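Asker: Construct the complete structure from the given sequences, taking the supplied hints into account.
By our numbering, the letter at position 30 of the sequence shown is numbered 40, and the numbering carries on one by one without gaps.
To be clear, the hints were calculated from the coordinates, so they are not data collected in a lab.
Everything numeric in this text was worked out from a predicted model, so none of it was measured.
Be careful, since some hints might not be right.
Computed beta-carbon distance windows for the label pairs [stated by the list, open to error]:
#  : residue 1 : residue 2 : range
1  : 64        : 131       : 12 to 22 Å
2  : 43        : 63        : 11 to 21 Å
3  : 131       : 63        : 26 to 36 Å
4  : 100       : 80        : 12 to 22 Å
5  : 113       : 85        : 16 to 26 Å
6  : 64        : 43        : 31 to 41 Å
7  : 86        : 43        : 29 to 39 Å
8  : 76        : 113       : 15 to 25 Å
9  : 75        : 132       : 31 to 41 Å
10 : 50        : 100       : 17 to 27 Å
11 : 85        : 131       : 26 to 36 Å
Just so it is clear, CB atoms sit at the ideal spot from N, CA and C, and this is done for glycine as well.
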Amino acid sequence: MRAAFRARLAALTIGVLAVPAGLVVTAAGPASASAYCGRTGPLNDGTEVTMTKGVSANMRSGSSTSCAVKGWADNQDTLMYYCYTSGDGGTWTWLWNIDDGTVGWVKDSLLPGNGSNYSCGF
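Answerer: Put into C-alpha cells, the structure is as follows:
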C-alpha cells in the first residue's frame, strides 16, 4: 500500500512541476532604471549627512558620468538624501547640497553611508 501511495505522489509531483514546452520561466527581481540626464527624483528619504572630510564629488544631472556636472558635494558640506536609483557602475543618490543650494545625482560609493536607502521607484 505504501509503495502505491508513493508512486502516485511521485507522479503527481512530477505533473505539478512540469513546465509546458515553450513557456519561459524567469525569476522576478527588483525593477530599476537609471535617471536619464535632466531627470529629478522624489523626496523619499530626507536624511541629512555631512560629506566626508577631504572628499569632493561631482553632482550630475543624471545617474551617469556622461551627464553634465551641476555642482559639487564638497568637503564637509551638509547634504540631504532624496532617493537612489541605478546608473553607471552601481547606484546613485539624488540629493540636495544644503550649503550651496544645488541638487544632483552622486554615485553612492562617494557618499557617506553609501547614499540613500530609499529607492526613487523608477
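Asker: All hints are to be evaluated individually against the structure, with a verdict given for each.
Answerer: Now the hints, each set against the structure:
no. : hint                 : verdict
1   : 64 / 131: 12 to 22 Å : 33 Å, violated
2   : 43 / 63: 11 to 21 Å  : 33 Å, violated
3   : 131 / 63: 26 to 36 Å : 32 Å, holds
4   : 100 / 80: 12 to 22 Å : 19 Å, holds
5   : 113 / 85: 16 to 26 Å : 19 Å, holds
6   : 64 / 43: 31 to 41 Å  : 33 Å, holds
7   : 86 / 43: 29 to 39 Å  : 32 Å, holds
8   : 76 / 113: 15 to 25 Å : 19 Å, holds
9   : 75 / 132: 31 to 41 Å : 19 Å, violated
10  : 50 / 100: 17 to 27 Å : 20 Å, holds
11  : 85 / 131: 26 to 36 Å : 31 Å, holds
Hints 1, 2, 9, counting from the list given before, are not met by this structure.
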